[in-house]
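Trainee: Letter by letter, the chains look like this.
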Amino acid sequence: MGVHSLWDIVGPTARPVRLEALSRKKLAVDASIWIYQFLKAVRDKEGNSLPSSHIIGFFRRICKLLYFGILPIFVFDGGVPVLKRETINARKNRRLKKAETTRETAQKLLAIQIQRQAENAVKSQRNNPITTRSHEEEEEEELVFLEDLPITFEKRKGEITLPDRAPTPSSIKFRKQDEYDLPNLTEFKVYKDDTRIMPEEEFMESYEDFDHVDGININEVDPKSKEFEMLPKATQYMILSHLRLKSRLRMGYQKEQLQELFPNSMDFSKFQIQQVQRRNFYTQKLMNVAGMGEDGNATKRIAGDKDRRYALVKNEDGWTLALSKEESSAENPISLDDPEDDITRDVEAYNEVAQPQSRSEVINSKADSDSDSDFEDVPLAKAEAPETQEEKDFQFALVKSIYDQYESEPPLDHVSTVPTSIDGFNQEELDKAIEESKKDYFLSKEKEAEMLNVSALTGTDPENKDDTDTFNLDFGSSILFSSNREEKKKIGPDNTNRLVHETGTLGRSFLFNPDVSETGRIELKKDQTKPITNIIEDDESEVVEVTSPKEQPPRELPSWFRDEVQRTLNPHNERFVSYNAFDHQQNKKEEEAGLIPWHEAKKYLEEHEPEDDKSDEEIQEIASVIPHIEKPPSIEEPEKNGTRKAAVIDYDFEKEDEDELVQQLQIEELDHEILKNQIKATHTVPISSLETRITEEQLLQEKLQKAKRDSDEVTETMINDVQELLRRFGIPYITAPMEAEAQCAELLKIGLVDGIITDDSDCLLFGGDHVYKNMFNQKQYVECYIKDDIEAKVGLSRDKLIELALLLGSDYTEGIKGIGPVLAMEILAEFESLEGFKDWFDDNTKTVKSNNDLNALRKSLLTRIKNGKLYLPDSFPDEAVSRAYLYPEVDSDKTEFKWGVPNLDQIRSFLMFNVDWSQERVDEVMIPLIRDMNRKKADGTQSTIGEFFSQEFVQSRKEVNLGKRMKQAANKLNKRRKNQ
Amino acid sequence: MLEGKFDQSTLLKKIVDAIKDCVKLCNFNCTEHGITVQAVDDSRVLLVSLLVGQTAFDDYRCDRDITLGIDLESFSKIIKTANNEDYLTLMADDTPDSVHTIFEDKKKERVSEYSLKLMNIDSEFLKIDDMEYDSVINMPSYEFAKIVRDLKNLGESLVITVTKDSVKFSSEGETGNGSVVLKPYTDMDKPDESVKVTLDSPVDLTFGSKYLNDIIKATSLSDVITIKLADKTPALFEYKLDAGGYLRFYLAPKFDEED
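If you read the protein sequences in the order shown, they are chains A and B.
Residues in the first sequence are numbered from 1 upward in steps of one, following the UniProt record's numbering.
Residues in the second sequence are numbered from 1 upward in steps of one, following the UniProt record's numbering.
Think of the hints as simulated: they come from the structure by calculation, not from any bench.
Think of the CB as a built atom: it goes at the ideal place given N, C-alpha and C, for glycine as much as any other residue.
Check the hints yourself; a few may be wrong.
Said to hold, decoys possible - With a Cα cut of at most 30 angstroms, we get these calculated BS3-like pairs of lysine-lysine:
hint	chain 1	residue 1	chain 2	residue 2
1	B	117	B	14
2	A	937	B	232
3	B	183	B	146
4	A	676	B	210
5	B	210	A	936
6	A	975	B	127
7	B	146	B	240
8	A	25	B	210
9	A	936	B	152
10	A	270	A	224
11	A	787	B	232
12	B	13	B	210
13	B	127	A	749
14	B	20	A	936
15	A	84	A	787
16	B	217	A	937
17	A	26	B	232
Claimed, not checked - Using C-beta positions, here's what the derived DEER-type ranges look like:
hint	chain 1	residue 1	chain 2	residue 2	range
18	A	967	B	105	50 to 56 angstroms
19	B	240	A	920	53 to 59 angstroms
20	B	53	A	967	37 to 43 angstroms
21	B	129	A	873	50 to 56 angstroms
22	B	189	A	730	57 to 63 angstroms
23	B	93	A	979	37 to 43 angstroms
24	B	117	A	873	53 to 59 angstroms
25	B	122	A	866	44 to 50 angstroms
26	A	979	B	132	38 to 44 angstroms
27	A	967	B	122	16 to 22 angstroms
28	B	187	A	730	52 to 58 angstroms
29	B	74	A	227	58 to 64 angstroms
Stated by the list, open to error - Partial list, derived from the structure: chain A residues whose beta carbon lies under 10 angstroms from chain B:
hint	residue
30	15
31	18
32	946
With the rest of the complex left out, here is chain A (with noise of 0.2 angstroms):
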């Protein structure tokens, strides 16, 4: 806030002044950051921010000025100009950026490495045609369910030893060892010999770090956190897919100790399906971190771990997801089958592979202690919820539906939107992926509203019946169908349609994800993880372009619907039912704050194109699904204030400030209790004699206007509540049209008030004058900054101000870096105007001049620049920043303020209610100084000196303290300014 280092620079012009020096002084107060600096600095015991410190500061420092006798205005930021939210943005990505550098760079250098490295498999792999025709994914799954096959391992490790994966003979010759090692082996161990390609030395290398990517602790990051977001792409890339990897591993836990850690099976399945969940987490994440496909015919890799390559492909009906270059194609697109079927293709596969009987043997063990595993599930989803065969029949129906569906499209006709929207919006990329996914966009409308009519009638449908045999319904398919079920028992048939199409997005959306086979198990924890009200969204939007508008549910449905089925999900999950929550209620926050008001964006979706409209919720699912990535909407909010309403502003602390702050007000509490004391002596009258009690009813009332003043923003909420606590002491307060000190520099310029309280330097570039600093510090004097003095002293005028604003940066511009305070007031008093600068800037920028007639100054500044260390931008100086100093938008009306008289009761009953202090903590303080205010009143009060003499401030003994180049500056200043 306010100039950097202007404090420094004038700070030695400074008065003391005494408090008592202050009583019948009108001062403007600038309340703006106040509210900022209680959130930031009271904290209680714990480090928590209270939700009261606004309350708490606002009346410590209402009752310290009243009790010295000073009339108060407070004033209140209207809103944040342009140019200052832009520099307060531009420097806090600047400030990001630098805490990021040195780790960064270390970390991507690593990734980078990393990077190489799988790109050279990815390479060895292409050239082995044998190996791309596996199904990976099966690889993974086997994982879960390793166990029990001491076989399989075998296997495994005789793969460990072999770079190239090439099935040989002495896979059957570790047998033996295998047996013997075989109870040692650690999970992941195990996990790392699947993924059959790792070539030893980096197995060795990942095996031992496992837990650590890039020196980073996976199992100490939180994907959700913003800091996560920070680290480069492939960074991410890694500890997700190592998370998510470890999500399946049963945490290194044999099955014996697991039965153990399980006494009870049921415990053992809630433990499973909460990793499931986990895993879809990290898949979600996983899926945004890998960049997908762009421009170009040649196929781009989507994503996948260095075995496995999904490419998008295009071919004459748009794109198509292709698991490698040979497999797919415009007509072997990838077909989404039962798991059964996928796993039989896998099998299929690995005989393809493993020539050696034994091989496909294990393989096929492994097959089927996945379908086991499956099963096993099954029961707990069953026991969730019991489904009768009408259910089933029907969900097998919608099953079937959607697998026909894509069986007969291609289906990724959004594939190719959705990344480039991840992207940021590249509209470049955009336009062609919407031209591209044009054609199959109404292909695929055409299809769904087929799909409508059949899913329509399936409740009934015998042909449907039919497939029930052939299904062999996976745990997944189940759990994710009960929440069908569910959905449909509550919304009535109307709502099936809807119900198709989440079924329908969900299988869409789980198109981009890497484990194909997985098809159930994703749906599912797609379904657990995705906010529901997002599917609502979709479903919503997808009904209105069907063209059922009955069919549009009422408003609140969502959150029962989406609650019930959130339950009836994860009746075990704790953590996940909490976040959806969470979620809930951000977007009905969201709703109520009229931020995205349902109707206006389904208006908007309306009327949008259909592939901008498809585009847009697919952006809207993949930015919900991971809420903490998203910025809370809080950003806009300031912007949709109205203009005269106190504003929110989020102010930019540097780290150092904020320090500072919080020592500052902690020895302004101590302040406070000195200052208690100080009130309480001066009446040794017993503070409960004469008051009257705060009845229940008062309370109540209370309750009801704190719910009144209650706005949806939060920090709105506490700028209320000061503005009601002021107004029950009676004092003044007003709300600037834009910014609050600029608006006090008016004041006072319009003389409605004596003085100014603030610790923004801005104010004194505003024309402020009077500015009283530290006044809720300890000491026992305050500063006044008077402009006159800093004129004579410092040789500063309110222009020369702004120029070194300028020069060091402000709230209003960024400043020039590598520029100081010493070196800044130099170059003022060296050039005649900041254009001046410049212009010698630019002559010695652009063209060699002999520098041999240059003074000191002159020389070590083009030093500089030609050592990069200064820079001046084009705009320099920049004439927008002098214009909002010298003419800020500020109300001029010039009506006088009055003061009313502190209401006691309902102080007490605003903080009992608000604080839950205790009445006789709220007398404490406002009993004497009532009493002490009543008294000045009555007595009349007492005047001070200063009013009546005007002051000459001696400092005959005391020159001002400056450095000696500032000095010497300064001195230059004045007598140029004595010159004018």
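Assemble chain B onto chain A, guided by the hints.
Mentor: Using the frame of chain A, we list chain B on its own:
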């Protein structure tokens, strides 16, 4: 080099006693014409302005203007050690970091010397213009002191009302109220006992009793106090030093909230 010798230590003792309760720290500005002090009390209501003229000293020389920042409490302890009749000499360098006080017994050959470290005191200098006052009261200083002492028991404020033919001091408090009225009176034998009122226009001013109580501590400096009053202006209470110089108090009045 400052060297100022008082014939009797009493004068300085009285001066320091008179102001040390309202101003703890103050700068003694020494010029060739004498020593001046200007100081404002902590609550900035009462201003003390002291001039000890060159004539008040037996010997006085001050080559350069110097400022002595003195902690009056410590200084008071030092000069209290002197006998009333002792010579008192103040000495300081041109760039002093301490002030030396020397007491010499006039009869015995006894010399005591004290040195007090100086302080760097931030103080502002108020420019006090000569003002036109609505009314001027001359009265015996002890009389005024008694009135203030009596009335301050009643309330925190003392109202001075000057009309054409009388001066009324009144105070009002929770327990009751009281007033003292003085009429102009001339004592031919002892002019100091006279009460003299010069009035341009009636005055009604309220002052804080505790400040008046500080002022009357200077009573011993002079037999006569001159009170100059004007509406909405600090009142001037002046004690003239017989030897040359004065001790003035400017007291800011109290205002009603409405003003």
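Trainee: The structure should be examined with respect to each hint, and the outcome stated for every one.
Mentor: To see whether the hints hold, each was checked on the structure:
| no. | hint | verdict |
| --- | --- | --- |
| 1 | B:117 x B:14 | holds, 21 angstroms |
| 2 | A:937 x B:232 | holds, 17 angstroms |
| 3 | B:183 x B:146 | holds, 16 angstroms |
| 4 | A:676 x B:210 | holds, 23 angstroms |
| 5 | B:210 x A:936 | holds, 14 angstroms |
| 6 | A:975 x B:127 | holds, 27 angstroms |
| 7 | B:146 x B:240 | holds, 19 angstroms |
| 8 | A:25 x B:210 | holds, 22 angstroms |
| 9 | A:936 x B:152 | holds, 17 angstroms |
| 10 | A:270 x A:224 | holds, 23 angstroms |
| 11 | A:787 x B:232 | holds, 28 angstroms |
| 12 | B:13 x B:210 | holds, 22 angstroms |
| 13 | B:127 x A:749 | holds, 25 angstroms |
| 14 | B:20 x A:936 | holds, 27 angstroms |
| 15 | A:84 x A:787 | holds, 24 angstroms |
| 16 | B:217 x A:937 | holds, 28 angstroms |
| 17 | A:26 x B:232 | holds, 19 angstroms |
| 18 | A:967 x B:105: 50 to 56 angstroms | holds, 51 angstroms |
| 19 | B:240 x A:920: 53 to 59 angstroms | holds, 55 angstroms |
| 20 | B:53 x A:967: 37 to 43 angstroms | holds, 39 angstroms |
| 21 | B:129 x A:873: 50 to 56 angstroms | holds, 54 angstroms |
| 22 | B:189 x A:730: 57 to 63 angstroms | holds, 60 angstroms |
| 23 | B:93 x A:979: 37 to 43 angstroms | holds, 39 angstroms |
| 24 | B:117 x A:873: 53 to 59 angstroms | holds, 55 angstroms |
| 25 | B:122 x A:866: 44 to 50 angstroms | holds, 46 angstroms |
| 26 | A:979 x B:132: 38 to 44 angstroms | holds, 40 angstroms |
| 27 | A:967 x B:122: 16 to 22 angstroms | holds, 20 angstroms |
| 28 | B:187 x A:730: 52 to 58 angstroms | holds, 54 angstroms |
| 29 | B:74 x A:227: 58 to 64 angstroms | holds, 60 angstroms |
| 30 | 15 | holds, 7 angstroms |
| 31 | 18 | holds, 6 angstroms |
| 32 | 946 | holds, 6 angstroms |
Against the hints set out earlier in the document, no violation occurs for any number.
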